[in-house]
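**Q** The lines below spell out each chain.
Number of protein chains: 4
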Amino acid sequence: MLIVMDAAATPEEVRRVVETVRRLGFEAHPIPGAQRTAIGVTGNRGTVEPAAIENLPGVLEVIPVTAPYKLVSREAKRENTVVSIRGVPVGGNKLAVIAGPCAVESETQAIEIARLVKDAGATLYRGGAFKPRTSPYSFQGLGPEGLKILSKVRSETGLPIVTEVLDPESVDLVAEHADCLQVGARNMQNFTLLKRLGRLRKPILLKRGMAATIEELLLSAEYMLAEGNYEVVLCERGVRTFVNHTRNTLDLSAIPYVQRISHLPILVDPSHGTGKRQKVLPLSRAAIAAGADGLVVEVHNHPEAALSDGPQALLPSMFAELMDQVRRLAPVLGRTA
Amino acid sequence: MLIVMDAAATPEEVRRVVETVRRLGFEAHPIPGAQRTAIGVTGNRGTVEPAAIENLPGVLEVIPVTAPYKLVSREAKRENTVVSIRGVPVGGNKLAVIAGPCAVESETQAIEIARLVKDAGATLYRGGAFKPRTSPYSFQGLGPEGLKILSKVRSETGLPIVTEVLDPESVDLVAEHADCLQVGARNMQNFTLLKRLGRLRKPILLKRGMAATIEELLLSAEYMLAEGNYEVVLCERGVRTFVNHTRNTLDLSAIPYVQRISHLPILVDPSHGTGKRQKVLPLSRAAIAAGADGLVVEVHNHPEAALSDGPQALLPSMFAELMDQVRRLAPVLGRTA
Amino acid sequence: MLIVMDAAATPEEVRRVVETVRRLGFEAHPIPGAQRTAIGVTGNRGTVEPAAIENLPGVLEVIPVTAPYKLVSREAKRENTVVSIRGVPVGGNKLAVIAGPCAVESETQAIEIARLVKDAGATLYRGGAFKPRTSPYSFQGLGPEGLKILSKVRSETGLPIVTEVLDPESVDLVAEHADCLQVGARNMQNFTLLKRLGRLRKPILLKRGMAATIEELLLSAEYMLAEGNYEVVLCERGVRTFVNHTRNTLDLSAIPYVQRISHLPILVDPSHGTGKRQKVLPLSRAAIAAGADGLVVEVHNHPEAALSDGPQALLPSMFAELMDQVRRLAPVLGRTA
Amino acid sequence: MLIVMDAAATPEEVRRVVETVRRLGFEAHPIPGAQRTAIGVTGNRGTVEPAAIENLPGVLEVIPVTAPYKLVSREAKRENTVVSIRGVPVGGNKLAVIAGPCAVESETQAIEIARLVKDAGATLYRGGAFKPRTSPYSFQGLGPEGLKILSKVRSETGLPIVTEVLDPESVDLVAEHADCLQVGARNMQNFTLLKRLGRLRKPILLKRGMAATIEELLLSAEYMLAEGNYEVVLCERGVRTFVNHTRNTLDLSAIPYVQRISHLPILVDPSHGTGKRQKVLPLSRAAIAAGADGLVVEVHNHPEAALSDGPQALLPSMFAELMDQVRRLAPVLGRTA
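Residue numbers (the working numbering), protein chains in the order written: chain A, -4 to 332; chain B, -4 to 332; chain C, -4 to 332; chain D, -4 to 332.
No lab work stands behind these hints: they were computed from the structure. Hints may contain errors.
[As the list claims (entries may be wrong)] Calculated pairs, SDA-like style, for lysine to any residue (alpha carbon to alpha carbon, straight line, at most 20 Å):
#: 1; chain 1: D; residue 1: Lys271; chain 2: C; residue 2: Ala47
#: 2; chain 1: A; residue 1: Lys72; chain 2: C; residue 2: Ala4
#: 3; chain 1: D; residue 1: Lys271; chain 2: A; residue 2: Glu210
#: 4; chain 1: A; residue 1: Lys65; chain 2: B; residue 2: Tyr132
All figures in this text were calculated on a predicted structure; none of them were measured in a lab.
Generate the whole structure from the sequences, applying the supplied hints.
**A** In structure tokens, the structure reads:
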């Protein structure tokens, strides 16, 4: 931490800040300058609460330096984490593609789409049984019935299942059927849910919140690692900005950034990231080219009749085209698909 | 809903869209234009899912028209809702000021601050027992012990208690001690929590999410009204933007906007809205002048030792000054304080 | 400036950074910590270009500390600047209200509106002769003819004239007719124009850009002060965010922030700041309550026939009501109107 | 345009709106619905100013439908535009890579970098002689001297020159030396400059403004096409959002969106788009994979000594690596490099 003193701060004020820092159990290193004095703060037990300092007379600004996350950081673990979802690795050399409908609507629909995406090359299946919907009057998912259908999809196709969990109460129920539990963007800072999932021993897919910084995303992952669950996969799915030609603005620079500071794998969801079917294909290519460990893609066999998010779901033929392109891109990037 | 056809759409394509709309049980009204045709859609049972239409050949764009919320809207109820929090009205002529520490830290601290804010004129008390914290390593609140302290604050000072609830499991526990349950910004779209609170018969303070539109805020309130709880107070607390001189950007234009389209009361939280103590006073005045029904303000007797959010907490003397200014502003705005 | 070294940086790497800093003519102050070393940098001639440092081996991050603006800062001049626009003070105790149509459309229109706003209490007149328009096919203003009308408005009503200048070439022409030249949001970083205006000896009204930080706004003002023109009035007019219920999001916390770090006066433009007539009145009150030195408001006698920005222009009766409210608010804030 | 009437609007109010629309010379098509009436508006001469309508009694909302740009749209010209910069095509099958230093600093530096980027495979050279700088105290470019150096770069290396023009006055001077004139992000809505460049007969590289929508970018291009200059190349360079891990947020979904609605070529500038050298390579790949027609990349031989924007400039070896990757990506995307 660095404390910047006002240009007009008196030596007495500087001394008082130094004493306060030391009284709190930290080291204070005054750096006298031509115009003003700065004070470096170091120590090996946590961080000083800025509040304790920034109200002292003569203090202009307090600048934090140390990152607040630990277990998720590259400094804590140099090599990449590879999360295994029922045997399918996420984060290794092979790109992971999780595909399926936004919502499970019926057994027929779920299995038909599963066969189509598996044939095209997807190795993991996604489908929502519990849907978080902005309006109370929108379709909220089939619930427990949807989970049973997902189990059936796995037994029929062998694809591991990724599905969203909305609240701590249903973690056990969802975990019974799912191979990986998804935390949606709206729940990225539902800390009770994160703590509960931290005590689970199943992989978690954690989506970035619509207004979340990468630091906040990593701290939400840290909640789970701190409870003992190290099987966390991150997912960039677009953030909310003034830009109005897509539903969200996909922040692909998050990929190299996360990979530099954390060892966790990161996927990209171009379906929610753009909200428009025509953009899923080019943005999927872009995500892979940026270095993502894989994709989360919505596919529907009859998107015009989808009960939620139809406009962003790929048609099966488009998904086959996407997989074809991913397979051709992968070797250029030193990966397999 | 309005369907805009491509300039190059054929009459056959237009006909197919019209037929599809009618097959879905709605009325279609083609509007031939000089350059292109548009098709108006009307009907009295819900809305067409745009997905059903926007993939038909020749369709350029689908524009929704009807607002998706019902019970919270001014069209549903013309007169303002006044929510009574243990006898203290919020949303009526008298401005409501909810004040107290960010977190309850001890009985002594909680009661001392309560006496100070009551003396200064606050009519409701706030204080967190369960704190949502970005980092798992930050102070998370005193929990049930904090709730007991809040009950004690009420019995000692008579101030009704507003406190945050983080998850459905603790709704009953929090409701036992609180007079109004707060849903924080990060939980604005925690729909399981909202539904649970909709079945409670206690007032709710619903804070706007960091990236939420007003429509989304109102739909979250609609979740509770749809379950039967009409005692919802909204709260603007700033949104996340590129602006970096405050922690959040307080969107005061939300006040007149909400008041035009909804009957629910709306407060402003200038403490979280700015994150800086020095801005709380001018932005509190601005909020009242914009027409807010009151304020939610953090006050701490020793902010430099606060366990959370110290830099934005007002000193007691500053809060007294704030109340003094609010009292002088109120009559100019035709209100009392 | 503070240089943060990687936790794994070697003593040799630290030494090399220190030497580089010194070679560039600055002082380097190493601060060894429990986990990593930081290096404080001070000096009295400009700032180190971070680029010179952040690529050295072992450097994790470079954090700038000193503010880059000088003449506009409170540290340079403690007392408030009061800008006189042909005798009307802006920035003093008395609130300034600049009112008029978005665009000058005809002599009749311009003078009629001028009389109306003067009667209601405005002390300065605004009206665009050169209009920056997003589309080349929109009305671009009357140009030189509009300027002559503005001169006539002044001679008829005595109101000093504020009008926009779009480019360096027309500065002399506009300055011939205007008492204060406005730089619009889109030109806030048109540095050629700013430098040219810095050599003028007339007051400038500088509007904040749609995506400008306060630091950037102040640096644009600094361009003019650095050239010798100290008569600069700032104007907050809303920034662009994801929020979609207003055209822009008015950032009223900019008011106390600017007033703390700069001595320049700051006005608020609630017409552009909201883009909606119904919000101009509540947000004008809010701006004044936040401490603004005055308002810039669009008024039109026939807004439904306005050639630009009609929906945000106040009707004369609404402006009279606004002035009435401003007059009643002013004394509560220790000001006059 | 669609006019949505209030649910409570009277038949008389509907009639008045219809009459107003017709009086303005347009067709009005009332669409009575179960809950409310909407009125479609069509016509072949421009658009109705919404202001003329939305203040009429009973009107709830006015929704524009027709896009305001014409010459830049795909509807106006179906096939892609290929702009030739002194014989180098931009927008065709072959990817264009414009590389060079942020600022021209000396003849030696400029030519040395030009040789390096040419050897690595760049086909166009960029370098700033006039630099727009946020602070008046930052290096502003070598000016006319820099332009002469750029001419020398061309005669020495054969690379066509792309350089920024800051104001209308220097258009002729810059055009004398440059093969393509760049309009920077801060000048995207400098309409006087755009009009002047519209009368030039040289290619223009138009960068997206930091808070510009794609519609605004296209309308700025339209300013030039409307004046007769059809040689416009667009450039995505990141927008300003809350995201703080990059200088700007690169909006790669803009690529497919622009390509769908416009025939103009579009490049991506990953240097400004990220502001961090380490991200230029992954985001360059992503841009190409998203379908961009090429890249604008900053390269410096001694970035630690660069006079501006050093941290985002690639080292020559990194640029060679980038070109190598682009060459391997291109065939996968059906392009050449």
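**Q** Indicate, hint by hint, whether the structure satisfies it.
**A** How the hints compare with the structure:
1. D/Lys271 to C/Ala47: Given that 20 Å is the threshold and the Cα spacing comes to 14 Å, the pair holds.
2. A/Lys72 to C/Ala4: holds (17 Å)
3. D/Lys271 to A/Glu210: holds (17 Å)
4. A/Lys65 to B/Tyr132: With a Cα-Cα distance of about 10 Å, the restraint between A/Lys65 and B/Tyr132 holds, given a limit of 20 Å.
In terms of the numbered hints stated before, the structure departs from none.
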